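The residues making up each chain are set out below.
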Amino acid sequence: MKGAAMTEALAVVGLTKRYPEFLLDGVNITIPTGYVMGFVGPNGAGKTTTLKAILGIVKPDAGVVRLFGGPAGAAAVNQRVGVVMDNPYYPEGWTARDVGEMAGLFYERWSAPGFARQLDQFGISATKKISELSRGMRVKLQLAVALSHGADLLVLDEPTSGLDPVARDELRNMLHDFVADEAHTVLFSTHITQDLERTADYITLLFDGRVVFSGELEALSNSYLRVSGDVDRLTPADRADIIGYRARGGVFEGMVPADKAAALPPDLLTEAVTIDEIVVYLSQAKEPSHV
Amino acid sequence: MFSPRQIWRFVRLDGRTVRPYLQTRTLLLSAAMALGIGVATREPVIAAAMPLFMATTYLGYPFLAGERSDMDALYVTWSIPGRTVVLGRYGFSFGLNLVALLVAAVFATPIAWWQWAVPAELAPALLTLFGMVIVVNCLQLPVYFKLGYTKAKGLVYVPLLAIMAIIVLVVGFADRLRWTAAVAALGPWSLAIIGVVVVLAGAAGSVMLSMRFYRAREF
Numbered sequence: 001m002k003g004a005a006m007t008e009a010l011a012v013v014g015l016t017k018r019y020p021e022f023l024l025d026g027v028n029i030t031i032p033t034g035y036v037m038g039f040v041g042p043n044g045a046g047k048t049t050t051l052k053a054i055l056g057i058v059k060p061d062a063g064v065v066r067l068f069g070g071p072a073g074a075a076a077v078n079q080r081v082g083v084v085m086d087n088p089y090y091p092e093g094w095t096a097r098d099v100g101e102m103a104g105l106f107y108e109r110w111s112a113p114g115f116a117r118q119l120d121q122f123g124i125s126a127t128k129k130i131s132e133l134s135r136g137m138r139v140k141l142q143l144a145v146a147l148s149h150g151a152d153l154l155v156l157d158e159p160t161s162g163l164d165p166v167a168r169d170e171l172r173n174m175l176h177d178f179v180a181d182e183a184h185t186v187l188f189s190t191h192i193t194q195d196l197e198r199t200a201d202y203i204t205l206l207f208d209g210r211v212v213f214s215g216e217l218e219a220l221s222n223s224y225l226r227v228s229g230d231v232d233r234l235t236p237a238d239r240a241d242i243i244g245y246r247a248r249g250g251v252f253e254g255m256v257p258a259d260k261a262a263a264l265p266p267d268l269l270t271e272a273v274t275i276d277e278i279v280v281y282l283s284q285a286k287e288p289s290h291v
Numbered sequence: 292m293f294s295p296r297q298i299w300r301f302v303r304l305d306g307r308t309v310r311p312y313l314q315t316r317t318l319l320l321s322a323a324m325a326l327g328i329g330v331a332t333r334e335p336v337i338a339a340a341m342p343l344f345m346a347t348t349y350l351g352y353p354f355l356a357g358e359r360s361d362m363d364a365l366y367v368t369w370s371i372p373g374r375t376v377v378l379g380r381y382g383f384s385f386g387l388n389l390v391a392l393l394v395a396a397v398f399a400t401p402i403a404w405w406q407w408a409v410p411a412e413l414a415p416a417l418l419t420l421f422g423m424v425i426v427v428n429c430l431q432l433p434v435y436f437k438l439g440y441t442k443a444k445g446l447v448y449v450p451l452l453a454i455m456a457i458i459v460l461v462v463g464f465a466d467r468l469r470w471t472a473a474v475a476a477l478g479p480w481s482l483a484i485i486g487v488v489v490v491l492a493g494a495a496g497s498v499m500l501s502m503r504f505y506r507a508r509e510f
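First to last, the sequence lines map onto chains E and A.
Take 1 as the starting number for the first sequence in the working numbering and just add one per residue.
Take 292 as the starting number for the second sequence in the working numbering and just add one per residue.
Treat the hints as calculated values from the structure; they're not laboratory data.
Owing to the predicted nature of the structure, the values given are computational and were not obtained by experimental measurement.
Just so you know, even glycine gets a beta-carbon here, dropped at the ideal spot from N, CA and C.
Heads up, some of the hints might be wrong.
[What the hints assert, rightly or not] Which bits of chain E does chain A cover? Going by a derived footprint, with three or more residues having C-beta under 8 Å, they are:
#	segment
1	19-27
2	89-99
3	168-181
4	189-200
[Claimed, not checked] What the simulated footprint calls covered on chain A by chain E, stretch by stretch (three residues with Cβ under 8 Å from a Cβ of chain E suffice, anywhere in the stretch; the number is not a length):
#	segment
5	307-313
6	331-338
7	489-500
[Said to hold, decoys possible] List time: in silico SDA-like cross-link candidates among lysine to any residue, alpha-carbon distance up to 25 Å:
#	chain 1	residue 1	chain 2	residue 2
8	E	Lys-129	A	Leu-313
9	E	Lys-128	A	Val-302
10	A	Lys-444	A	Met-345
11	E	Lys-129	A	Gly-306
12	E	Lys-128	A	Thr-317
13	A	Lys-444	A	Trp-405
14	A	Lys-442	A	Ala-453
15	E	Lys-129	E	Ala-180
16	A	Lys-437	E	Asp-61
17	A	Lys-444	A	Ser-360
18	E	Lys-59	A	Leu-451
19	E	Lys-59	A	Tyr-440
20	A	Lys-442	E	Arg-18
21	A	Lys-442	A	Ala-322
22	A	Lys-437	A	Val-489
23	E	Lys-128	A	Arg-300
24	E	Lys-59	A	Pro-372
25	E	Lys-129	A	Arg-307
26	E	Lys-128	A	Glu-358
27	A	Lys-442	E	Asn-87
28	E	Lys-59	E	Tyr-89
29	E	Lys-129	E	Ala-183
30	A	Lys-444	A	Arg-506
31	A	Lys-442	E	Thr-95
32	A	Lys-442	A	Gly-493
33	E	Lys-129	A	Lys-437
34	E	Lys-129	A	Ser-360
Put together the whole structure using the sequences plus the hints.
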């Protein structure tokens, strides 16, 4: 971990938003300045709603969002936030040059030469329309804007979904470069957990509008173990502790919280789990438990 | 904080948003149609009315483009306060009407020279049309801000049709309506002052309503 004096780039406390068929239920997230947080959950878990509330686009019913100590959506706060959404909020008929010229009207720290350099580096033609850009190029264009207005916090919503492995690797490297100076912070939502294992310092897991884990990535990996063995070796109490329990041909497999693994019969096989497996097991559990 | 500079920037942003929709072919076709109808009817006011009322259709384009690309969310991420969005959109609408007024004058003036004994009468006619279009816009904009383009697009033509119906009724039944004589007796300057006051008061009310509606919306 980086420097000792940690300030919070982002603090989300008790964020609640009710929709007729969905409840974002008391979300808590904290990111210290200079770190990358992965925000993981299946589709429909509430990731985009949370990010929109952080950006001030969605108004919460309860809870507080503070960025750099200021309220979400405040103009001075959003000046410091770079946004990369799943699909950019730019009109399809605009060119990359239009995006730069218009963004430059509203960002106080805008650098037009910087934007031209970023476009050049990303291989985006300034005269290309948004409608003509591939998904990867659209992500890069938004990154170019974020890097040209001196953003201190990058908020990315599913930037890697739909990208090929090369483009995903490029994006991961860009994020690494971005946080290299320790003054920059990244919140990165995804359902492709492999992206996080190489990029994130912290991770928040969101299921059905509730945070089931928020903390250091390493702590999450150490929180669970995969367990498998004969079904008849399990007592009902053991089975109740197993998350995502599946049995086939007399053999079961699932995941247990690490602190409960010691209580299981010693002849069961326990192994480390990947983030991907944790997400899968938790999503198979009817009621994911908080860690 | 009220910042004319920010509002002007937003007007430019709206202009850039609408630009892809303004195709030269469509504009030339519309111009030819307006001129053609003006020449055919030999009525300069009709030639002038066409561009002005056509401008009201372009008013919906920033809302359309905004809805298609979630631009209201973009405004938030670009640190543009909701108040600037509303005032900027009114500014854009006013600018659009000014351009339309200019085009209207260009179209109507030769027809007025050709048809009217006193072409100077064209100026009050143009300004009256301009005021009417502003009133229509002031009725339309809060509806767009409240409902967004898709839900509002049918409703926003109601004020336009209502104003047209009122004009037809007033012109058609002017001799039977007692108050029209009283209004005519006020004289042109009094009428102009009353008109300006009504337009300004309507615009102020419309802006306040739009701000309230826009503040309540989520994107």
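Original post:
Taken at face value, is the distance from the CA of A/Arg-307 to the CA of E/Lys-129 at most 25 Å?
Top reply: holds (13 Å)
Original post:
Quick one, are A/Lys-442 and E/Arg-18 close enough, alpha carbons at most 25 Å?
Top reply: holds (23 Å)
Subject >> Given hint E/Asp-61 paired with A/Lys-437 - CA-CA distance at most 25 Å >> reply: holds (20 Å)
Subject >> Pair hint E/Lys-129 and A/Gly-306, alpha-carbon separation not exceeding 25 Å >> reply: holds (17 Å)
Original post:
Okay, the segment 168-181 of chain E and chain A, do three or more residues pass the C-beta test at under 8 Å?
Top reply: violated (count 0)
**OP:** Go check the segment 19-27 of chain E versus chain A for me, would you? Three or more residues, Cβ under 8 Å, otherwise it fails.
**Re:** With 0 residues in contact (Cβ-Cβ under 8 Å with chain A), the coverage given for the segment 19-27 of chain E is violated.
Original post:
Are E/Lys-59 and E/Tyr-89 close enough, with their CA atoms no more than 25 Å apart?
Top reply: holds (18 Å)
Original post:
Going straight from one Cα to the other, do A/Lys-444 and A/Met-345 come out at no more than 25 Å?
Top reply: It holds: about 15 Å lies between the C-alpha atoms, which stays within 25 Å.
Original post:
Given the hinted pair A/Lys-444 and A/Arg-506, is their alpha-carbon gap at most 25 Å?
Top reply: holds (20 Å)
Original post:
Does the alpha-carbon distance linking A/Lys-442 and E/Asn-87 stay inside the 25 Å limit?
Top reply: Holds, at roughly 23 Å.
Original post:
Can the restraint linking E/Lys-128 and A/Glu-358 be considered satisfied, given a maximum Cα separation of 25 Å?
Top reply: Within the cut-off at roughly 22 Å; holds.
Subject >> Whether chain E covers the segment 331-338 of chain A (at least 3 residues having a Cβ closer than 8 Å to its Cβ atoms) >> reply: violated (count 0)
Of the hints listed earlier, those the structure fails to meet are numbers 1, 3, 4, 6, 7, 13, 15, 18, 21, 29, 31, 33, in rising order.
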